[in-house]
Amino acid sequence: MMARLLMALWLAAAPWAWAADTAQPAAADPALEKRVMALSAELRCLVCQNQSLADSHADLAIDLRNQVRELLAAGKSEAEVKAFMTARYGDFVLYRPPVKSTTVLLWVGPFVLLLVAVAALFVHLARRRRADAQTAEILSGEDAQRARQLLEG
Amino acid sequence: MRARLLLPLALFLVLVGFLALGLRLDPREVPSPLVDKPAPAFSLEQLHQPGARIAAADMKGQVWLLNVWASWCVSCREEHPLLVELGKAKVVPIVGLNYKDRREDALAWLERLGNPYAVSAMDADGRVGIDYGVYGVPETYLIDRDGTIRFKQIGPVTPKVLQDSILPLVKKLRG
Numbered sequence: 001m002m003a004r005l006l007m008a009l010w011l012a013a014a015p016w017a018w019a020a021d022t023a024q025p026a027a028a029d030p031a032l033e034k035r036v037m038a039l040s041a042e043l044r045c046l047v048c049q050n051q052s053l054a055d056s057h058a059d060l061a062i063d064l065r066n067q068v069r070e071l072l073a074a075g076k077s078e079a080e081v082k083a084f085m086t087a088r089y090g091d092f093v094l095y096r097p098p099v100k101s102t103t104v105l106l107w108v109g110p111f112v113l114l115l116v117a118v119a120a121l122f123v124h125l126a127r128r129r130r131a132d133a134q135t136a137e138i139l140s141g142e143d144a145q146r147a148r149q150l151l152e153g
Numbered sequence: 001m002r003a004r005l006l007l008p009l010a011l012f013l014v015l016v017g018f019l020a021l022g023l024r025l026d027p028r029e030v031p032s033p034l035v036d037k038p039a040p041a042f043s044l045e046q047l048h049q050p051g052a053r054i055a056a057a058d059m060k061g062q063v064w065l066l067n068v069w070a071s072w073c074v075s076c077r078e079e080h081p082l083l084v085e086l087g088k089a090k091v092v093p094i095v096g097l098n099y100k101d102r103r104e105d106a107l108a109w110l111e112r113l114g115n116p117y118a119v120s121a122m123d124a125d126g127r128v129g130i131d132y133g134v135y136g137v138p139e140t141y142l143i144d145r146d147g148t149i150r151f152k153q154i155g156p157v158t159p160k161v162l163q164d165s166i167l168p169l170v171k172k173l174r175g
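The listed protein sequences derive, respectively, from chains A and B.
Residues in the first sequence are numbered consecutively from 1, following my numbering.
Residues in the second sequence are numbered consecutively from 1, following my numbering.
Since the hints were made in silico from the structure, they are not lab data.
Keep in mind the model is a prediction, meaning the values are calculated, not measured.
Backbone N, C-alpha and C fix where the C-beta goes; we use that ideal spot for every residue, glycine too.
Certain hints may be false.
Cut-off 25 Å, straight-line C-alpha distance, at most; resulting in silico cross-link-like pairs (SDA-like, lysine to any residue) [unchecked claim]: (1) A:100 <-> B:100; (2) B:100 <-> A:67; (3) A:82 <-> B:40.
So the derived label-pair ranges between C-beta atoms look like this [as the list claims (entries may be wrong)]: (4) B:15 <-> A:107: 19 to 29 Å; (5) B:160 <-> A:98: 45 to 55 Å; (6) A:96 <-> B:72: 25 to 35 Å; (7) A:38 <-> B:160: 42 to 52 Å; (8) B:31 <-> A:48: 15 to 25 Å; (9) B:15 <-> A:49: 22 to 32 Å; (10) B:36 <-> A:78: 44 to 54 Å; (11) A:48 <-> B:15: 24 to 34 Å; (12) B:91 <-> A:77: 37 to 47 Å; (13) B:22 <-> A:150: 56 to 66 Å; (14) A:97 <-> B:26: 18 to 28 Å; (15) B:7 <-> A:48: 37 to 47 Å; (16) B:24 <-> A:108: 50 to 60 Å.
Just chain A, with the same shape it has in the complex (with noise of 0.2 Å):
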């Protein structure tokens, strides 16, 4: 029981000693460093490539975030930052990529899908309409009568 306790206890402490362990060395200008994290955000961590600069801890984020820091206070603006990264390791580090030819269909492909299967729910309706009409014509005069009699029973 005792054991589970202090296992319980280690588990939940945990978290907190290694976030200590792997904290960073923050600018001492708290609006620098909320820049470097807003910038951060935006940039793709490469060994870890679904995790964001500011999320991963893999070696290699730490040291493009400490460049980041690096830039930023020697007064590049967010724009050069962005440039300094793609020079290195092309569009692929950006989570919103420019468009341009290579990325046209990223950005539109959603839309043109979009617009396909709204031209395929009209087409679909719009023939859906004719057949109505078909069967309305089909049934005209006695016949309509006849059925609606033996409907109605």
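With chain A's structure known, arrange chain B on it following the hints.
Chain B alone, transformed into the frame defined by chain A:
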């Protein structure tokens, strides 16, 4: 009517096609924007001779390989015998970029496994690595006489890559 019944099957096959293609692609292989761009300049301390430096500019006029390695890097072991062989054959000079490593570890590693490098530069803080867009060691760059990167291999150099890509390109670049 029959064509309409086949539509889901056709869509399914298209989907399978895309998924099959997706399985073959390696998401870790990020195309480098540095290919056909000038190799970033660096000047770093040499691994074997503390105090002496090696710069990218020193290699101007030669076709050379820049191999990013580290003693802590597991996949580096995989490609190392091939590099040692290549180094012995003296086909193309290999410059090592010892990435975020400790000197004694790096030296011991080369002592044990062989040293294929004409010279190794020490990139202890990984700055030059960032300039070269390194994100997974080992990485290998083929750089031409003018100092332009012509090819980049991410991950271990395999005999296939060496035979099919690197060596023919070295030959071509030498003219």
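Evaluated hints:
no.: 1; hint: A:100 <-> B:100; result: violated, 36 Å
no.: 2; hint: B:100 <-> A:67; result: holds, 15 Å
no.: 3; hint: A:82 <-> B:40; result: holds, 18 Å
no.: 4; hint: B:15 <-> A:107: 19 to 29 Å; result: holds, 22 Å
no.: 5; hint: B:160 <-> A:98: 45 to 55 Å; result: violated, 34 Å
no.: 6; hint: A:96 <-> B:72: 25 to 35 Å; result: holds, 34 Å
no.: 7; hint: A:38 <-> B:160: 42 to 52 Å; result: holds, 43 Å
no.: 8; hint: B:31 <-> A:48: 15 to 25 Å; result: holds, 19 Å
no.: 9; hint: B:15 <-> A:49: 22 to 32 Å; result: holds, 23 Å
no.: 10; hint: B:36 <-> A:78: 44 to 54 Å; result: violated, 28 Å
no.: 11; hint: A:48 <-> B:15: 24 to 34 Å; result: holds, 28 Å
no.: 12; hint: B:91 <-> A:77: 37 to 47 Å; result: holds, 45 Å
no.: 13; hint: B:22 <-> A:150: 56 to 66 Å; result: holds, 57 Å
no.: 14; hint: A:97 <-> B:26: 18 to 28 Å; result: holds, 19 Å
no.: 15; hint: B:7 <-> A:48: 37 to 47 Å; result: holds, 40 Å
no.: 16; hint: B:24 <-> A:108: 50 to 60 Å; result: violated, 25 Å
Comparing the model with each numbered hint stated earlier shows that hints 1, 5, 10 and 16 do not hold.
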